[in-house]
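> Bring the two chains, given one by one in their own frames, into a single complex with the hints.
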Amino acid sequence: MVLRVKKHMAKQYQLYLMILPAVIYFLIFHYGPMYGIQIAFKDFRPIDGITGSPWVGIKYFERFFKSYQFWRVLRNTLLLSVFQLAAGFPVPIIMALLLNQVKNMKFKKLVQTVTYAPHFISIVVLVGMLNVFLSPSTGLVNHVIRLFGGEAVYFIGKPEYFRTIFVASGIWQNAGWGTIIYLAALAGVGPELYEAAKVDGASKLQIIRHVDVPSIAPTIIILLIMNLGRIMNVGFQKAFLLQNPLNAETSEIIQTYMYKVGLLQMEFEYSTAVSLFNTLINVVLLLTANRIAKKFSENSLW
Amino acid sequence: MIKTNVLNDDKVFDIVKTVILVTALLLVMYPLYFIIIASISDGTAINTGNVWFLPKGINLEGYHRILKDDMIWIGYRNTIVYTVVGTSINLVLTILLAYPLSRKDFSIGKYVMIFLMITMYFNGGLIPRYLQVKNIGLMDTWLVMVLLNSVNVFNVIIARSFLKSSIPETLYEAAVLDGCSHATYLVKVVLPLSKPIIAVLLLYYGIAHWNEFFTGLIYLKNEKLYPLQLILRSILIENQMQDAMVEDLSDTNQKDIGELIKYGIIIVSSLPVLVIYPFLQKYFVQGVMIGSVKG
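As you go down the protein sequences, you meet chains A and B in turn. The first sequence begins at 3 in the working numbering and counts up by one. The second sequence begins at 20 in the working numbering and counts up by one.
Think of the hints as simulated: they come from the structure by calculation, not from any bench. Possibly wrong hints are sitting among the right ones.
As the list claims (entries may be wrong) - Some, not all, of what chain A presents toward chain B, calculated at C-beta under 8 Å:
(1) Gln14
(2) Tyr27
(3) Phe31
(4) Ile41
(5) Leu100
(6) Ile123
(7) Asn133
(8) Leu136
(9) His145
(10) Ala170
(11) Trp174
(12) Ile182
(13) Ile183
(14) Met260
What the hints assert, rightly or not - Okay, the calculated beta carbon distance ranges per label pair:
(15) A:Glu64 to B:Ile55: 29 to 39 Å
(16) A:His121 to B:Ile55: 38 to 48 Å
(17) B:Pro187 to A:Ser69: 53 to 63 Å
(18) A:Ile60 to B:Ile99: 44 to 54 Å
(19) B:Ile295 to A:Pro56: 48 to 58 Å
(20) B:Tyr130 to A:Ser139: 15 to 25 Å
(21) A:Tyr70 to B:Asn258: 27 to 37 Å
(22) B:Val31 to A:Leu266: 55 to 65 Å
(23) A:Gly152 to B:Ile55: 25 to 35 Å
A virtual CB, placed ideally from N, CA and C, is assigned to each residue, including glycine.
The shape of chain B in the complex, shown without the other chains (with noise of 0.2 Å):
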C-alpha cells in the first residue's frame, strides 16, 4: 500500500517536473528563434503580428542594409582588435598572478591575496576612476579599452584553486631537483598542463571584452574608436539608424525596415559568440566547476 502511493507520488512529480522544465525552455528559446525568423521575414509582416513560426515572405533587406553601414564595420573591427589584444593582456597577467599565489612557499601570497580582494567590495567609484584615467592620459585612445580591466580578481581565483589542485606537488620538485627555476617551471610545466584554465579564462574574458560597452561610452569621443556594442546601443536602443542603412527609403518603409534592420543587427552582433558557443559550452561548466572549488 505504501510502496504504491510513493509511486504515484513519484509519478506525479516527474510529470510536473518535465512540464516545469519544458516551460523554461520553451520561454529562454523562443524569444532567440523569434529573433531569427524576424529578421529574414518581410517587415510589415512582424509589424502587424503575424510572424510566429515560420518566417514570412524571406527579405534579407535587413542585412543587405546592415552589412552596407561603414559604422558596423568599423564597430566590428575595434570590438575584434579590443578582444584578441584585451584578452591577450587579461590572460598574461592573470596567469603570471595566479601561479605565485598557487604556491604555498610564496611568503607574501596571504597578503596579495588581501589586496585583490578589497579590490572586489571597495572600490574608488566612477569618477575617482575617470579622473586618474584622465590623468594618465588615456581617455579617448584604444589602449583605455584594453588595459581598464586588466585583471578580473574572480578569475584570478579560479585560476589560483585550478593550479592548486591539478598540477601534483611532486612535479614541481622533480623540477627543482634538475635546477628548474620558477620561470622555467611555469613555462614548461604548467602551461602544458593548464590547458582547460587557460581555455576558461580565454572564454571568460573574451565575452567580456565582446560585450563591453560602458568603458567606451565613458572614456571615447572618437567614434571610429567606439567598440560594436557601442554602436548597437545607437541603433537599438536610441533608436538612431545611421544614414547610409536607411536613405532612400519612404516613411512606412523606414519604420519596417528598421524593425528588420534591429533584428538583423542583434544576430549579426552575436553571431561569433553564437557559432563558438556550441565548442565552448563544456569547457565554461568545466569553469564554474573549478571556480566552485572554494579557494
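Chain A extracted, bound-state conformation (with noise of 0.2 Å):
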C-alpha cells in the first residue's frame, strides 16, 4: 500500500515538472504585470520601482474621469462592439444555417475555402487593403461610385464611415471563419428530428426554425456570452491601424487612448489606470452575461 502511494507521488512530480516551464511563463509575463496594475494607484518613479513608489488614492482615475476624453473614447468604443456585435454576430449563423442546406457538395466546399480564407490574413495587410480599395483617387471603391455617376470619397479620413469600415471589414474578414463552429453543431442533429419533420410536411424554412436552430441555441448562447465578456477589446490591433486624425472624433478608443498616453507620451500611471477601467468594465460585462444565460437557460461558461 505504501509502496503503491509512493509509486503515484512519483509519477505525479512527472506531472508537475511537466507543467512546470508554462506556470513560470504565467507567472513572468500574466501574473508579474498584475501586480503591476498597483502603479494606477501610485506616482510611479522608476529608481523607487513599483513597491517603493509612494500612493496617490485614484488621483490618475480621476483625471480620466474627467477628462475630455472620457465620454467620447468610453462611447466610441462601447458604440463600435455594439455594431460590431449586432451585425457580425448573427451573419456566420444565417451562412451556417443556408450552407447546411446546400446539397452540392462541390459548391458547398467552394464557398467554403474561399469565405474561410481571409481569416488567415494578417491585421495589418486588411488595413492596408483598405487603403488602397478606399483610396479616393486611385481605390476600386471610389472607381466604382464614379462609374454609376457618383462623386469619390475620402473613407478613411471621414469619423462618420469608420464604424462602417470596421464593422463590414470584421465581417467580410472573419463571417465564414465564425461559420465552421455552428456548422459543426449542425451535423450533429439527428437524422430522426429532420425525417419526423419531413413527415409532418415542414418546409425547408420551417425546418430551420423549429430543427435547427433549437439544435445550436446553446452554442450561440455561449459564444454571445463570450463575445459579450471581450465587448470592450474591440479590435484594438485594427483600429489603432485604421486611426487618423482626421478620424479620430469616432475612431479613438479606450485600448488606443490607453496606448497613447502610455506609450507615446510615458504617462505609466494614467495609462495603467485606463486600461484597469478597462479591464474592471469588461469583467462585469462577462459576469453579468453570464448570469443573465444561467437565469434564461441551461446554458452558461460556468
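Put into C-alpha cells, the structure is as follows:
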C-alpha cells in the first residue's frame, strides 16, 4: 500500500515537472504584470520601482473621468463593439443555416474554402487592403462610385465612415470562419428529427426554425456570452491601424487612448488606470452576461 | 394542395439561399482576386480605374522593386525565424501543459485550470507588461518575439479536450502495467496518436507568429529585428516606400509604381499562407471542432 502511494507520487512529480515551464511563463508574463497594476494608484518613479513608489489613491482615475476624452472614448468603444456584435454576430449563423441546406458538395466546399480564407490575412494586410481599395483617387471603391456618376469619397478620413468600415471589414474577414462552429453543431443534429419534420410536411424554412435553430441555440448562447465578455476589447489593433487624426472623433477607443498616453506620452500611471477601468468593465459585463444566460437557459460558461 | 404549397415555398427558399451564398462568395472573392490582377497590371490603368476583371498591360515592375528591397528580405527572414522558433516553443509548452491537465488523476489539475482561465479575462494591461519585459531585459531583443506569447490558454483547452476524448484510458492502464512513467507514456503513446491536434496547434500558433506585428511595434527599436508585418505597415499604411523601391522614378511614375508595389507586397507577404492554405484546411476545420467540445 505504502509502496503504491509512493509510486503514485513519483509519477505525479513528472506531471508537476511538465507543467512547470508553462507555469513559470504565466507567472512572469501574466501574473507579474498584474502585480504592476498598482502603479495606477501610485506616482511611479522608476528608481524606486513599483513597490517603492508613493501611493496617491485614485488621482489618475479621477483625472481620466474628468478628462474631455473620457465620454468620447467610452462612447466610441461601446458603440463600436455593439455595432460589431449586432451586425457581425448573426451573419455566421445565417450563413451556416443556409450552407447546411446546400446539397451540392462542390459548391458548399467552394463557398467554405473561399470565405474562410480572409481569416488568415494579417491585420496589417487587411488595413492595407482597405487603404488601397478606399483611396479617393486610385481606389477600386471610388472607381465604382464614379462609374455610376457619384463623387469620390475620402472614406478613411471621415469620422462618419469609420464604424462602417471597421464593422464591414470585420464581417468580410471573419464571417466565413465563424460558420465552422455552427456547421459542426448542425452536423450533430439527429437525422430522425429531419425525417419527422418532413413527414409532418414542414417546409425547409420551418425545418430551420423548428429543428436547426433550437439545436444550435446552446452554441449560440455560449459564443454570445464570450463575445459580451470581450466587448471592451474591440479589435484594438485594427482600430489602431485604421486610425488617423482625421477620423479620431469616432476611432479613438479606450485601448488606442491607453496606448497613446502610455507608450507615446509615457504617462505610465494614467495609462494603467485607463486600462484597469477597461478590464473592470469587461469582467462586470462577462459576469452579468453569464448570470443572465444561467437564468434563462441551462447554458453558461461556468 | 398543401403539398404543392410546401414545394413552392421550398423552391423560393432554394433560390433565395443560392442568391445569398453566391453573393457572399463573390463579395469575399473579388477583392482577393482584384489584388492579384492589380499587382501585375499597368500602374496607370489601375489608378484610372481601368482594371476590372483581367490584368491590363502586364507589368512586373512592382514585384521587381519589392524583391530588390533589403528591408523586405530582412523582414521575411526575421519572421521565418520568429515563426519557427516561436511555434516550437508554443508547441512544447502547450503539450506539456495539456497532457497533465487531461489526466483525471492529476491532483491539482482543477486549480491549474483556474490559474490559466483567470489570465483569459484579466491581465495587467499594456504598461505593467511593458515594464515587466523591460525589467527582465528583453527589450529590443529577438527573444521577446518568441517568448512573449508562449502559451495560448484557448489552445491549451483545445489540446486538453482532444487528449481527453481521443486517447482511450485503457491505453494508459496497459502502459502503467508495463511500468511506464508519464513521460514515457506521453512520448511513446500519446504523441504518435496526437497528430491531428499537433497539426492544429502548429497551424494556429504558426499563423499567429506570421501575422504578429504589435509585439514588434512596442518592444523593438532596432529595424534589423523587425518582423515582416512591421515593414508592411510602413509601406502599406504609413505610405513610406523604402528608398530603394522608388529611386530613379519621376513623380507620376512614383505614384503608379507605388500602387503596384502595394498590391504586390500584399501578395508577397501572404504567399506562404496562401500556398499552404489548401493543405491545411482540413486541419483547421478539425481544430475548431475539437475546440467546440466543451472542456
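> Which of the numbered hints above does this structure break?
Hints 8, 10, 15, 16, 20 are the ones this structure does not satisfy, whereas the remaining hints hold.
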